[in-house]
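Peer 1: Construct all of the structure, not just a fragment, from the sequences and the given hints.
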Amino acid sequence: MKRKIFTTLTILISIIALGQTTFNKTQTITLNGTEGDTPYPIVSADIDSDGYNDIVVGTDFGGSIFWFKNDGFGNFTIQPIVTNSLPRIIDIELLDINGDTTIDILATSFSDDKVVYYPNNLANPGTFGSEVIIAAAIDGATDVDAYLLNGDSFLDVVVSAFNADKIVWFAGNGNGTFGSENNMINTIVKPGSFDLKDVDTDGDLDLVVANAVNIDNEPGMNSSVIEVFFNSALSFTKDANSVTNDKAYLFNVSFEDINSSNNSGITRDIVATDIFGDLVHYNRNASGVYDETIISSTIANPASVALYDLDISGDGLKDIILSSGTQGAGNDLVWFKNNGNGNFSAEQVIDNTQSQAYKFTIVDFDNDGDLDIASTAYNDDQISIFNNQTIVLSTQEFERERYQLYPNPVSDYLRFNTTFITDSEYTIFTILGQKLKEDSISTNGAIDVTEMNSGIYYLRLNDSQKVYKFIKN
Numbered sequence: 016m017k018r019k020i021f022t023t024l025t026i027l028i029s030i031i032a033l034g035q036t037t038f039n040k041t042q043t044i045t046l047n048g049t050e051g052d053t054p055y056p057i058v059s060a061d062i063d064s065d066g067y068n069d070i071v072v073g074t075d076f077g078g079s080i081f082w083f084k085n086d087g088f089g090n091f092t093i094q095p096i097v098t099n100s101l102p103r104i105i106d107i108e109l110l111d112i113n114g115d116t117t118i119d120i121l122a123t124s125f126s127d128d129k130v131v132y133y134p135n136n137l138a139n140p141g142t143f144g145s146e147v148i149i150a151a152a153i154d155g156a157t158d159v160d161a162y163l164l165n166g167d168s169f170l171d172v173v174v175s176a177f178n179a180d181k182i183v184w185f186a187g188n189g190n191g192t193f194g195s196e197n198n199m200i201n202t203i204v205k206p207g208s209f210d211l212k213d214v215d216t217d218g219d220l221d222l223v224v225a226n227a228v229n230i231d232n233e234p235g236m237n238s239s240v241i242e243v244f245f246n247s248a249l250s251f252t253k254d255a256n257s258v259t260n261d262k263a264y265l266f267n268v269s270f271e272d273i274n275s276s277n278n279s280g281i282t283r284d285i286v287a288t289d290i291f292g293d294l295v296h297y298n299r300n301a302s303g304v305y306d307e308t309i310i311s312s313t314i315a316n317p318a319s320v321a322l323y324d325l326d327i328s329g330d331g332l333k334d335i336i337l338s339s340g341t342q343g344a345g346n347d348l349v350w351f352k353n354n355g356n357g358n359f360s361a362e363q364v365i366d367n368t369q370s371q372a373y374k375f376t377i378v379d380f381d382n383d384g385d386l387d388i389a390s391t392a393y394n395d396d397q398i399s400i401f402n403n404q405t406i407v408l409s410t411q412e413f414e415r416e417r418y419q420l421y422p423n424p425v426s427d428y429l430r431f432n433t434t435f436i437t438d439s440e441y442t443i444f445t446i447l448g449q450k451l452k453e454d455s456i457s458t459n460g461a462i463d464v465t466e467m468n469s470g471i472y473y474l475r476l477n478d479s480q481k482v483y484k485f486i487k488n
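Residue 409 in the working numbering sits at position 394 of the sequence shown, and the numbers go up by one each step.
It is worth saying that the hints were derived from the structure and are not from the lab. Keep in mind that this is a model prediction, so the values were computed, not measured. It is possible that some hints are incorrect.
Here are the computed lysine-lysine pairs in the BS3-like style, where the Cα-Cα straight-line distance is at most 25 Å [what the hints assert, rightly or not]:
1. Lys181 x Lys84
2. Lys84 x Lys40
3. Lys352 x Lys212
Label pairs and their computed distance ranges (CB to CB) [unchecked claim]:
4. Gly194 x Thr252: 43 to 53 Å
5. Lys253 x Asn358: 22 to 32 Å
6. Thr49 x Asn354: 44 to 54 Å
7. Gly345 x Val204: 23 to 33 Å
8. Asp86 x Asp306: 12 to 22 Å
Glycine included, each C-beta is placed from N, C-alpha and C at the ideal position.
Peer 2: As structure tokens, this is what we get:
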């Protein structure tokens, strides 16, 4: 048995060639009158349940949501429009909202003050039902996401109400219906970007939020702030120290694990962008004060920021990807290699051909094992696809087999996109062939990888000896 395992992994690794981490723009899609203009939120997931990551885009002033089908090699074709009557779409998330195993579209409408979702058709994945309203009175609905918040196994929806100066949440019932509005916080003026993670390791999700205030246009405001709120039984208490209170216009904020510190019991750092300033990293020190580190960039108007392992180095370190809100010439997408201990190399340019590339999504589009990027160019009315050149495979057949496993990258549970026999045994290995876990597929087809460290892994189905590669975030 040990010899068979070694042989399987040796063959697997031998068909992968590692190269330099560079990006090629492989496709530019210009929107027409049907899709509307000013593409803004962009997200990716397997919309039609064929095992390949597709793209969903919403337009700010166009009021439309539409998706692009992936052929498995990173080539995209537009599909019938989901809606063209949702004014000022600020955020989109892709989740199974109604519990039928297909990926639904969750969205906010800033002008209509509502949170809605569009149910994916289980009988014909990739076709969507009519709009379902979760909340219809969110004054300035902005960022939205879904979490397991209240202790049951159903997704709850959290949304920032920009004009009402609060963040609220709605308890999910698991079937696409939701309870009434619950207050999370109401002490931040103009809340925008937020993130929820358990940073004090007490088992519930804590909140970081930035107010999206342009101090030049907001009377009485002299700074944009970031605050952390610790959760205790769904009661959120502000940290004694603010993360920052001296920014011009905060665009994006999230909890991240950058330097593996654990100061004052806090296990996560904070990364944020000031669209009129800098890309910044905050580390809470032993005194509970947040130390700021500016990450130098050529981007004058840093917009979205995300951390993923772009160079697939096997060290589990996540690199930084940063986009630009600048209109006109300049770098639009850059990345910074993570060298460990909170240090990053100088930026490397991915693209400088877009105008106002506010948003992007990162996933493996061409099924070669590394992470690609798709971005929206707000001012150009375009979507661009960038292929990561780190990994090149010798056979397409291997990749088509491998990508029956989703989502990839994964944070919590792996699943198979086709009907799968439960109780089948599997083994998970590291990239070096070390065996980490042996178990059987659960009755719901899920494989729990929550406790695994970030990195690259192989999963082998013991009965068929098929091997699948996945990335743990």
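Peer 1: Flag every earlier hint the structure violates by its number, smallest first.
Peer 2: 1, 4, 8
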